[in-house]
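**Student:** Work out the full structure: start from the sequences and follow the hints.
If you're matching them up, the sequences are chains W and L in order. The C-terminal residue of the first sequence carries number 417 in numbering that gives the first Met the number 0, and the numbering is unbroken. The C-terminal residue of the second sequence carries number 417 in numbering that gives the first Met the number 0, and the numbering is unbroken.
Don't take each hint at face value.
[Claimed, not checked] Coverage of chain L stretches by chain W, computed from C-beta distances (three or more under 8 Å per stretch; other residues unrestricted):
{"id": "1", "stretch": "191-205"}
{"id": "2", "stretch": "354-360"}
{"id": "3", "stretch": "363-373"}
{"id": "4", "stretch": "401-414"}
[What the hints assert, rightly or not] With a cut-off of at most 30 Å between alpha-carbon atoms, the simulated DSS-like pairs for lysine-lysine come out as follows:
{"id": "5", "chain 1": "W", "residue 1": "Lys12", "chain 2": "W", "residue 2": "Lys108"}
{"id": "6", "chain 1": "W", "residue 1": "Lys237", "chain 2": "L", "residue 2": "Lys105"}
{"id": "7", "chain 1": "L", "residue 1": "Lys108", "chain 2": "W", "residue 2": "Lys105"}
{"id": "8", "chain 1": "L", "residue 1": "Lys237", "chain 2": "W", "residue 2": "Lys105"}
{"id": "9", "chain 1": "W", "residue 1": "Lys108", "chain 2": "L", "residue 2": "Lys108"}
{"id": "10", "chain 1": "L", "residue 1": "Lys12", "chain 2": "L", "residue 2": "Lys108"}
{"id": "11", "chain 1": "W", "residue 1": "Lys108", "chain 2": "L", "residue 2": "Lys105"}
{"id": "12", "chain 1": "W", "residue 1": "Lys237", "chain 2": "L", "residue 2": "Lys108"}
{"id": "13", "chain 1": "L", "residue 1": "Lys237", "chain 2": "W", "residue 2": "Lys108"}
Please keep in mind that the hints were generated in silico from the structure rather than gathered at the bench. Cβ atoms here follow ideal geometry from the backbone N, Cα and C, with glycine treated the same way.
Number of protein chains: 2
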Amino acid sequence: MAVDMQVLGQQAKAAAFALRKFDTAAKNDALRAIADEIDARRDAIFAANAADMEDGRAAGLTPALLDRLNLAKRLEGVTADVRRVAELPDPVGEEFNIRTLPNGLKVCKRRVPVGVLGVIYEARPNVTVDVAALALKTSNAVILRGGKETLRSNIALVDAICAALESVGFPPDAVQLIRDTDRGYVRELLRLDRYVDMIIPRGGSGLHTFCRENSTIPVITGGIGICHLYVDSTADLKAAEDIVQNAKVQRPSVCNALDTLLVQESIAAQFIPRIIARLSADGVRFRVDEAAAAIAGTADNIQPAGDGDWDTEWLDLILGIRVVPDLDAALEHIYRHSTAHSDGILTSDPTSMERFLNEVDSAAVYINASTRYTDGGQLGLGAEIAVSTQKLHARGPMGLEELTSYKWLIVGEGHVRP
Amino acid sequence: MAVDMQVLGQQAKAAAFALRKFDTAAKNDALRAIADEIDARRDAIFAANAADMEDGRAAGLTPALLDRLNLAKRLEGVTADVRRVAELPDPVGEEFNIRTLPNGLKVCKRRVPVGVLGVIYEARPNVTVDVAALALKTSNAVILRGGKETLRSNIALVDAICAALESVGFPPDAVQLIRDTDRGYVRELLRLDRYVDMIIPRGGSGLHTFCRENSTIPVITGGIGICHLYVDSTADLKAAEDIVQNAKVQRPSVCNALDTLLVQESIAAQFIPRIIARLSADGVRFRVDEAAAAIAGTADNIQPAGDGDWDTEWLDLILGIRVVPDLDAALEHIYRHSTAHSDGILTSDPTSMERFLNEVDSAAVYINASTRYTDGGQLGLGAEIAVSTQKLHARGPMGLEELTSYKWLIVGEGHVRP
Numbered sequence: 000m001a002v003d004m005q006v007l008g009q010q011a012k013a014a015a016f017a018l019r020k021f022d023t024a025a026k027n028d029a030l031r032a033i034a035d036e037i038d039a040r041r042d043a044i045f046a047a048n049a050a051d052m053e054d055g056r057a058a059g060l061t062p063a064l065l066d067r068l069n070l071a072k073r074l075e076g077v078t079a080d081v082r083r084v085a086e087l088p089d090p091v092g093e094e095f096n097i098r099t100l101p102n103g104l105k106v107c108k109r110r111v112p113v114g115v116l117g118v119i120y121e122a123r124p125n126v127t128v129d130v131a132a133l134a135l136k137t138s139n140a141v142i143l144r145g146g147k148e149t150l151r152s153n154i155a156l157v158d159a160i161c162a163a164l165e166s167v168g169f170p171p172d173a174v175q176l177i178r179d180t181d182r183g184y185v186r187e188l189l190r191l192d193r194y195v196d197m198i199i200p201r202g203g204s205g206l207h208t209f210c211r212e213n214s215t216i217p218v219i220t221g222g223i224g225i226c227h228l229y230v231d232s233t234a235d236l237k238a239a240e241d242i243v244q245n246a247k248v249q250r251p252s253v254c255n256a257l258d259t260l261l262v263q264e265s266i267a268a269q270f271i272p273r274i275i276a277r278l279s280a281d282g283v284r285f286r287v288d289e290a291a292a293a294i295a296g297t298a299d300n301i302q303p304a305g306d307g308d309w310d311t312e313w314l315d316l317i318l319g320i321r322v323v324p325d326l327d328a329a330l331e332h333i334y335r336h337s338t339a340h341s342d343g344i345l346t347s348d349p350t351s352m353e354r355f356l357n358e359v360d361s362a363a364v365y366i367n368a369s370t371r372y373t374d375g376g377q378l379g380l381g382a383e384i385a386v387s388t389q390k391l392h393a394r395g396p397m398g399l400e401e402l403t404s405y406k407w408l409i410v411g412e413g414h415v416r417p
Numbered sequence: 000m001a002v003d004m005q006v007l008g009q010q011a012k013a014a015a016f017a018l019r020k021f022d023t024a025a026k027n028d029a030l031r032a033i034a035d036e037i038d039a040r041r042d043a044i045f046a047a048n049a050a051d052m053e054d055g056r057a058a059g060l061t062p063a064l065l066d067r068l069n070l071a072k073r074l075e076g077v078t079a080d081v082r083r084v085a086e087l088p089d090p091v092g093e094e095f096n097i098r099t100l101p102n103g104l105k106v107c108k109r110r111v112p113v114g115v116l117g118v119i120y121e122a123r124p125n126v127t128v129d130v131a132a133l134a135l136k137t138s139n140a141v142i143l144r145g146g147k148e149t150l151r152s153n154i155a156l157v158d159a160i161c162a163a164l165e166s167v168g169f170p171p172d173a174v175q176l177i178r179d180t181d182r183g184y185v186r187e188l189l190r191l192d193r194y195v196d197m198i199i200p201r202g203g204s205g206l207h208t209f210c211r212e213n214s215t216i217p218v219i220t221g222g223i224g225i226c227h228l229y230v231d232s233t234a235d236l237k238a239a240e241d242i243v244q245n246a247k248v249q250r251p252s253v254c255n256a257l258d259t260l261l262v263q264e265s266i267a268a269q270f271i272p273r274i275i276a277r278l279s280a281d282g283v284r285f286r287v288d289e290a291a292a293a294i295a296g297t298a299d300n301i302q303p304a305g306d307g308d309w310d311t312e313w314l315d316l317i318l319g320i321r322v323v324p325d326l327d328a329a330l331e332h333i334y335r336h337s338t339a340h341s342d343g344i345l346t347s348d349p350t351s352m353e354r355f356l357n358e359v360d361s362a363a364v365y366i367n368a369s370t371r372y373t374d375g376g377q378l379g380l381g382a383e384i385a386v387s388t389q390k391l392h393a394r395g396p397m398g399l400e401e402l403t404s405y406k407w408l409i410v411g412e413g414h415v416r417p
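**Tutor:** If you want it as structure tokens, here you go:
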């Protein structure tokens with residue numbers, strides 16, 4: 000079944016225009032209607048999801064991937080999240096930079112929707128609903144493109160969303176799914192600049208690179224984190240142990256998990272054995288430089304760091320350890336190897352804190368805390384659509400405000416430019 | 000002479016890193032040193048410019064292009080502008096969204112430079128100095144690519160800038176010029192995503208489209224304005240005459256000049272003859288729809304609007320005039336034909352004002368004022384690097400703050416994520 004992407008684009012743009020009529024209360028009602036409709040259709044959604052799971056098993060998907068695909072234990076959380084988004088403040092319409100110029104012109108900026116979002120993601124059907132809710136809350140239309148493993152689940156969910164939108168008088172085309180997983184449609188989506196204002200890829204670095212290389216629409220790249228912690232000689236080593244363990248072990252498969260631990264030489268002999276003992280109990284394996292190796296000794300889970308290890312996002316229970324003489328060397332290592340996602344220092348020295356905050360140019364720079372906090376929910380945004388590691392538009396966790404643009408409102412009384 | 004763009008990129012990135020060491024006072028001193036050095040080298044700069052002018056004349060450049068190229072009457076203004084940029088507030092380092100989360104984590108955002116800018120422009124050597132000054136003020140390195148007509152002028156200016164930077168201990172690679180105007184280098188620049196963070200094209204729509212199609216780096220597109228004014232039946236027609244005249248005539252060659260005038264039917268017979276009489280005196284020619292033609296009658300400077308006229312940015316003393324029954328029809332016309340740059344309504348009806356502000360989604364939306372105010376200087380930004388008509392990062396006039404990004408600073412006391 001061929002998809003006409005031009006038609007999808009036109010429909011999305013028309014829906015985005017129509018969405019502007021609805022105020023915050025109407026949007027929140029629509030979100031609640033969506034949650035209700037998904038709840039009402041749970042049997043049909045579970046049936047579609049079960050068929051996706053069965054095909055996934057037959058295709059030999061890993062247990063981790065099958066778990067991501069599985070809606071059975073997740074659907075209640077998904078609709079609860081939609082109801083929670085309805086409770087969040089609405090950034091659209093907010094006015095700021097309000098001024099009267101010396102000539103009497105009244106000027107301000109007003110937050111407006113971006114327009115049409117294109118979101119490309121992989122095997123998590125819950126993302127379908129999350130993204131639709133965040134887009135609608137900010138009066139944006141969205142074109143969704145999910146993974147092929149989850150097409151039937153996504154169709155069932157988007158059908159529920161569209162039915163709910165129609166029931167409350169919203170344009171159903173505000174949420175459209177590309178109902179065919181041929182990769183050619185991704186390419187087409189990336190060139191629909193006439194209709195689509197922003198592309199958000201959610202997936203691995205291959206997807207991000209593909210989007211950046213092929214898109215004529217602005218792309219929010221991010222999500223790739225080679226994250227560092229530097230422990231200096233003044234650090235509280237007990238706290239440092241806890242932080243390093245949390246950053247590496249709590250959820251190793253995500254982008255804000257720790258990849259490389261840098262340890263100041265003068266405390267290396269003291270700290271490295273402690274951290275290796277502590278993290279070995281969690282099943283962590285280590286890639287260590289020569290100096291760290293001399294301290295760590297030999298064990299099954301310790302091996303020398305090889306070429307490229309400092310440039311690898313592990314996404315697994317693996318930790319690089321490198322000994323550095325001082326802060327300058329730590330900063331130099333981070334400058335060379337960081338993906339500018341999340342990097343931190345563990346220290347009690349105010350000068351080092353200040354220098355680290357100033358000199359590390361990452362989306363999130365930490366003092367004495369775990370890198371795992373780089374997350375919209377943890378940082379108080381109420382929601383998260385993506386984590387950006389690029390510098391334009393938004394950096395770090397992106398919440399509702401980052402799904403808006405602004406326009407200038409300029410009110411005169413017959414003003415002409417001299 | 001071949002240019003190694005990879006080397007330019009590396010040098011720019013290293014310079015951007017080095018620039019972070021310098022505080023506002025040091026940056027302002029560097030800007031003043033640049034102005035002084037350009038003044039000191041004025042003979043050499045004028046000689047280079049005279050050679051460019053001579054070649055331009057021989058190549059048959061239009062008087063308008065030759066005027067843009069000419070530095071003779073402009074250099075004093077250029078260095079005065081650099082000294083003025085030194086006086087502006089520095090956005091870099093400013094902290095905002097400062098909060099302490101319920102768990103005690105201290106969180107804020109701090110403005111930081113974007114990093115490395117790539118700026119592509121045409122035959123205006125003054126842009127070379129403007130852009131360098133704005134980039135340095137915000138601690139950004141820049142790679143400049145000017146037009147071939149002005150290569151010698153640009154080399155003389157950038158040599159002066161680099162000498163000044165060196166004299167005050169700044170990295171001279173902070174401002175680099177691609178000293179070869181082969182178009183292949185533009186293509187290479189657009190793919191230097193490893194080193195360059197932001198592309199700013201300054202030129203016609205062809206350049207903007209080329210950049211968007213070929214860049215793997217975020218591009219600020221803009222500068223194309225099909226601008227509208229809608230005069231409704233409640234407008235002060237005397238003020239409307241002045242505003243329309245100012246928007247069309249004051250500087251017709253720029254993007255915020257008026258292109259299409261929409262007139263409400265009920266006042267068309269009254270207003271159209273007045274505006275045609277008034278603007279004819281300025282040499283304006285008109286492209287009118289049928290209803291306007293019936294009112295305007297025949298004259299040498301009046302012709303029927305043809306296919307595509309409503310989608311043309313005139314950049315000239317030409318004005319489209321269309322009669323519409325009401326606000327809805329005006330909004331519909333703007334929705335279909337605007338490039339979302341600058342559009343306004345002239346009215347005294349509060350409901351129409353409100354609807355126009357809400358429903359027109361352009362970078363600048365006006366009530367009872369000339370579209371010519373869409374300009375960083377006019378709107379109080381103190382400077383302008385570009386006017387964006389895209390929705391991400393920045394919209395409308397971009398000043399110093401729009402040349403910054405931000406990073407999150409997160410300060411804990413041993414915080415780990417539960």
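**Student:** Look at each hint and say if it fits the structure.
**Tutor:** Verification of the supplied hints:
no. : hint                : result
1   : 191-205             : holds (count 3)
2   : 354-360             : holds (count 4)
3   : 363-373             : holds (count 10)
4   : 401-414             : holds (count 11)
5   : W:Lys12 x W:Lys108  : holds, 23 Å
6   : W:Lys237 x L:Lys105 : holds, 21 Å
7   : L:Lys108 x W:Lys105 : holds, 28 Å
8   : L:Lys237 x W:Lys105 : holds, 21 Å
9   : W:Lys108 x L:Lys108 : holds, 20 Å
10  : L:Lys12 x L:Lys108  : holds, 23 Å
11  : W:Lys108 x L:Lys105 : holds, 28 Å
12  : W:Lys237 x L:Lys108 : holds, 29 Å
13  : L:Lys237 x W:Lys108 : holds, 29 Å
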